[in-house]
Amino acid sequence: MCPEIVDEAAQVWFGPQHVSAHGWATKLTIVGDYIVECDPNAGYFHRSAEKCLEFRNFQQGALIMERLCMLEAFLAEYPYVKAVEQIAQLDVPERARVMRTIMMEASRIHSLQFWWGQFGAELGLFAMTLWPWVDREYFLDAFEELTGSRHAVSYSAPGGVKYDFNEKSIKMLERALDRLEDRLPKFRDMILRSPTFKLRTKKIGLFDAAQGLKWGLSGPNIKACGIPMDLRKDDPDPNLAYEMCDWEVPVTTNEDHPGQCDAYDRMSQRFKEIETSASIIRQLLPQVPEGPIIDPKARAKANRLPEGEAYGRVEGTRGVTTLFLKTADKAQTPYRAKIRGPCFASYYSLKHLVPGSTFADFVVIFGSLDPYPGWWDR
Amino acid sequence: MGVGTILQIDIVGWLSGLPSWIYLVISGLFSLVWAFFNWIWSIVVWFWALAISQIWWLFKAIVFPGLVFILFSIIFSVWFTRKVWGRVQARRGPFHLGKYGGLQVFADAIKLIGKEIVIPDKAKRWMYRILPSLLLIAVLVPFAFIPWSNEWYIADLSVSLIVTFAFLTVVPVVSLLSGWISGSKYTLIGGFRAANNQFAAEIPLIISSVGPAMLAGSLSIMGISQAQSSLWYFLLLPVNCVTFMVSATVITALVPFDAPVADSEILFGWRTEFSGIYFTMTYFAEFAKQLLFSGLIVALFFGGSYGFAFMPPVLNFIFKFLIVLFFMILVTSSFYRMRQDQVTHFCWKYLLPLSLLNVVIAMFAIVYVPGLAQLLGIGG
Amino acid sequence: MGFFSTLGDIFRVLRHTFRQTMTRPFTYFYPFEDRYYPDTTRGRHIHIRKNCTACAQCVKACPTIAIRIDKQDRMYEKDAALHFDYTRCIFCGLCVQACKFNALFHTKIVDLSEETREDLQYGPDRMGTLERKPLKWRGRTFR
Numbered sequence: 002m003c004p005e006i007v008d009e010a011a012q013v014w015f016g017p018q019h020v021s022a023h024g025w026a027t028k029l030t031i032v033g034d035y036i037v038e039c040d041p042n043a044g045y046f047h048r049s050a051e052k053c054l055e056f057r058n059f060q061q062g063a064l065i066m067e068r069l070c071m072l073e074a075f076l077a078e079y080p081y082v083k084a085v086e087q088i089a090q091l092d093v094p095e096r097a098r099v100m101r102t103i104m105m106e107a108s109r110i111h112s113l114q115f116w117w118g119q120f121g122a123e124l125g126l127f128a129m130t131l132w133p134w135v136d137r138e139y140f141l142d143a144f145e146e147l148t149g150s151r152h153a154v155s156y157s158a159p160g161g162v163k164y165d166f167n168e169k170s171i172k173m174l175e176r177a178l179d180r181l182e183d184r185l186p187k188f189r190d191m192i193l194r195s196p197t198f199k200l201r202t203k204k205i206g207l208f209d210a211a212q213g214l215k216w217g218l219s220g221p222n223i224k225a226c227g228i229p230m231d232l233r234k235d236d237p238d239p240n241l242a243y244e245m246c247d248w249e250v251p252v253t254t255n256e257d258h259p260g261q262c263d264a265y266d267r268m269s270q271r272f273k274e275i276e277t278s279a280s281i282i283r284q285l286l287p288q289v290p291e292g293p294i295i296d297p298k299a300r301a302k303a304n305r306l307p308e309g310e311a312y313g314r315v316e317g318t319r320g321v322t323t324l325f326l327k328t329a330d331k332a333q334t335p336y337r338a339k340i341r342g343p344c345f346a347s348y349y350s351l352k353h354l355v356p357g358s359t360f361a362d363f364v365v366i367f368g369s370l371d372p373y374p375g376w377w378d379r
Numbered sequence: 008m009g010v011g012t013i014l015q016i017d018i019v020g021w022l023s024g025l026p027s028w029i030y031l032v033i034s035g036l037f038s039l040v041w042a043f044f045n046w047i048w049s050i051v052v053w054f055w056a057l058a059i060s061q062i063w064w065l066f067k068a069i070v071f072p073g074l075v076f077i078l079f080s081i082i083f084s085v086w087f088t089r090k091v092w093g094r095v096q097a098r099r100g101p102f103h104l105g106k107y108g109g110l111q112v113f114a115d116a117i118k119l120i121g122k123e124i125v126i127p128d129k130a131k132r133w134m135y136r137i138l139p140s141l142l143l144i145a146v147l148v149p150f151a152f153i154p155w156s157n158e159w160y161i162a163d164l165s166v167s168l169i170v171t172f173a174f175l176t177v178v179p180v181v182s183l184l185s186g187w188i189s190g191s192k193y194t195l196i197g198g199f200r201a202a203n204n205q206f207a208a209e210i211p212l213i214i215s216s217v218g219p220a221m222l223a224g225s226l227s228i229m230g231i232s233q234a235q236s237s238l239w240y241f242l243l244l245p246v247n248c249v250t251f252m253v254s255a256t257v258i259t260a261l262v263p264f265d266a267p268v269a270d271s272e273i274l275f276g277w278r279t280e281f282s283g284i285y286f287t288m289t290y291f292a293e294f295a296k297q298l299l300f301s302g303l304i305v306a307l308f309f310g311g312s313y314g315f316a317f318m319p320p321v322l323n324f325i326f327k328f329l330i331v332l333f334f335m336i337l338v339t340s341s342f343y344r345m346r347q348d349q350v351t352h353f354c355w356k357y358l359l360p361l362s363l364l365n366v367v368i369a370m371f372a373i374v375y376v377p378g379l380a381q382l383l384g385i386g387g
Numbered sequence: 122m123g124f125f126s127t128l129g130d131i132f133r134v135l136r137h138t139f140r141q142t143m144t145r146p147f148t149y150f151y152p153f154e155d156r157y158y159p160d161t162t163r164g165r166h167i168h169i170r171k172n173c174t175a176c177a178q179c180v181k182a183c184p185t186i187a188i189r190i191d192k193q194d195r196m197y198e199k200d201a202a203l204h205f206d207y208t209r210c211i212f213c214g215l216c217v218q219a220c221k222f223n224a225l226f227h228t229k230i231v232d233l234s235e236e237t238r239e240d241l242q243y244g245p246d247r248m249g250t251l252e253r254k255p256l257k258w259r260g261r262t263f264r
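Chains as they are written, first to last, in our numbering: chain G, 2 to 379; chain A, 8 to 387; chain S, 122 to 264.
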């Protein structure tokens, strides 16, 4: 950067009250219409969740995890439950495993629908915000029918799940899927084939797979580069039932820039994610076996845990979500819990992604990474 | 003569003359006031005589196609836009106040007017106070030239099309200024984007309007709309109609081209810092602009008040006007926002050649096929 | 990206939007009509004191310390009074699961808004019943 340019530069704080700021503040140095420097500042959403986890017992801890990211509540609470199960060496009944998997995929769909509505609003089409959110209501109604709450579901417990499927909740889940599959062609017309969408997102925020891996990106952001990196396949979880169905890791390749992904690829990757999740649920729903939903001794076993360490991880909507749990002997609460959210990496990758783009594209780049402040400030 | 009795002023005589002196002063003052009142009164009489002789014109300027009607139609268009947007977004729009939420806009306007006006420290205060009203005036004046029908119009200049465009050119200047004086970086960016929009779309807009003007042989909007009594220019100049509509959308800063007020990027663009009544003015000015362009499109391309014989001419105009407005709102809620350089790119690379193409075709048709105009029943 | 295919895409988008204007809205007229709540809804609690045994398991299970138990306040043989603080409650359902004696349940009532903070602290008299003051708004009565 030559000094004359720096003299002309202006500094603009983007956030934290800005409408598309997702609750964070980024200092942008702009010259003319171009951003030359981007300084992300995390910390506006800090709720000290890790410390809170140290004061909650093993039944209550999952509640805090799901409140970190309400949109993927089923997925967010799972790493904690997984870690507790691993330390306590609990067996999960077959039925609970399948049910968990189904609800986690439904949660993924609903989270992605929320994101794509939000992205539509950031690109200036408010109708695109509310159309996916209408479909999302059907999923929320299904969640409510099953667990009694629309967002804060508190579904998984160590050793199984808390609420059993009934006829109506399965019917509502199927209705939500029908609605989703019915509307997907319309959304393909409105988003992926819309000329203005292509104008705004093609060749915006390009990065290649090596860069993405170096920055620590995961999930759809790295799959959009063409790398089938997915924990559901790479690290099959014995407490989940992904091996029971036949599916492929969805991958997007950019024809003009092989090995790279732009905002458009990230959008189409998330379309494929939704389709994959829907097909997984469709395959698993008839396969739900009969049996108990929770190990009857699990509650007593999870009351006091032996000394141990565990690392629970799951392929979340936004990337790999992990939780490291360490317990002392006969502990009622964790000794240490460390959360690794996927969005911290994607937020700080803006520092390398944004410089050189225009001020208007900043929103597009940031929105296309699917940010959620709960995951980077904990 | 005693010592010390010599007085320069005969005080007794002076005192005895005092009443007449005061009378003189008072009568002088009174005559001044009287003359002033006479002068004012003569003006009133002159104005009244003028008003009586022009009562019909006054009624038109103030009540029907004039100020009151326009203000009410702005309020209606706000309501209509919100309702249509609500429908497109699977919502209901306003419904609590009045029938179908009809009074909601009045309530909003009263609330906005009653709000506290917060002027930023870095803003230029007098400019901040003047600019919104200037903007509203600049947008409202061209409504005088909209020919609602052959009787119901306010003014008809021979160059009213050009005057309308001249007034509309004021708008981005006001936007740029208000973005500049608001004392915020976001408003400054918004102001420059508004100027950029005008810079991009003004030439295609004016060239698109050249087509109808050429076919009608007139630069008056009234003349153009009267020339379409047998055939709408939409059928002769379809490409011009579309380019006019698109560049009108650009100039009005509606959604696919709303970079100046991009709410997810620069909050509310150049309007961010306006509050209370000033915000209301800029908000209404945008809708007034949208209405104005709908009216222009109807007058230039959709035959003005001509068309369906079973309706009176004014209703004819208003019916087409509403359809065009609905279409503009529909476009508003279908597309993603374009970046400001893409707007310029689009306007100059696609709109300008397209509008020129149709104008050139019409030109050749007029010159080389002289019988055509006779045949189609158009002037020019 | 050909010119005419782009035009076709534009018209397809417009067609979708136009069709949407002809459909019914999805939202409810909220105060006049309410949505359907399933039986599992985790709304405010109801405390059935007849079954209560004052074991205080709900108090131990609560992650937010929203429940306070008063063992002196007795209506039956061995019950206790529960004070719920709905400014703290997160409706997680752990207390209902912890109750082994069918004495604490969630109800379908979720619109808990009150005028003051104190009104959200439910004493034993309000925990035992679902009745409450009707809401008057613009001359109409709701609830």
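Rather than coming from a laboratory, the hints here were simulated on the basis of the structure.
Careful, some of the hints might be misleading.
Said to hold, decoys possible - Quick list of in silico lysine to any residue cross-link-like pairs, SDA-like style, CA-CA up to 25 Å: (1) G:Lys331 to G:Gly309; (2) G:Lys203 to S:Arg133; (3) G:Lys203 to S:His137.
To be verified - With the Cβ distance kept under 8 Å, some of the chain G side facing chain S (calculated, not the full set): (4) Gln60; (5) Leu64; (6) Ser150; (7) Val289; (8) Gly357.
As the list claims (entries may be wrong) - Listed next, the stretches of chain G that the computed footprint assigns to chain A, with coverage defined by at least 3 CB atoms under 8 Å from CB atoms of chain A: (9) 118–126; (10) 130–139; (11) 166–177; (12) 266–278.
Just so you know, these numbers come straight off a predicted model, no measurement behind them.
All residues carry an ideal CB built from backbone N, CA and C; glycine is no exception.
Structure-based check of all given hints:
1. Between G:Lys331 and G:Gly309, the direct Cα distance comes to roughly 10 Å. Compliance with the 25 Å bound is thereby established for this hinted pair.
2. Taken as a hint, the G:Lys203 and S:Arg133 pair is honoured in the structure, with Cα atoms around 20 Å apart against an allowance of 25 Å.
3. With a C-alpha separation of about 23 Å, the suggested pairing of G:Lys203 with S:His137 holds against the 25 Å cut-off.
4. Interface restraint check: G:Gln60 against chain S, minimum CB-CB distance 6 Å, threshold 8 Å, status holds.
5. With a cut of 8 Å, the hint placing G:Leu64 at the interface with chain S holds, because the nearest CB-to-CB distance is about 5 Å.
6. Against a cut-off of 8 Å between C-beta atoms, the interface hint on G:Ser150 holds, since the closest Cβ of chain S lies about 5 Å away.
7. A distance limit of 8 Å between C-beta atoms decides the matter here; for G:Val289 the minimum to chain S is near 18 Å, and the interface restraint is violated.
8. A hinted interface residue such as G:Gly357 counts as satisfied when its beta carbon comes closer than 8 Å to some beta carbon of chain S; here the least separation is about 24 Å, so the hint is violated.
9. Proximity of the region 118–126 of chain G to chain A, defined as three or more residues with a beta carbon under 8 Å from a beta carbon of that chain, is established by the 6 residues found.
10. Figure legend: the region 130–139 of chain G, annotated as covered by chain A; annotation consistent (4 residues with Cβ-Cβ distances under 8 Å, at least 3 required).
11. Counting residues of the region 166–177 of chain G whose C-beta lies closer than 8 Å to any C-beta of chain A gives 0; at least three are required, and the coverage claim is violated.
12. Residue count for the region 266–278 of chain G with a Cβ under 8 Å from a Cβ of chain A: 0. That is fewer than the three needed, and the coverage hint is violated.
In this structure, the hints that do not hold are numbers 7, 8, 11, 12, in rising order.
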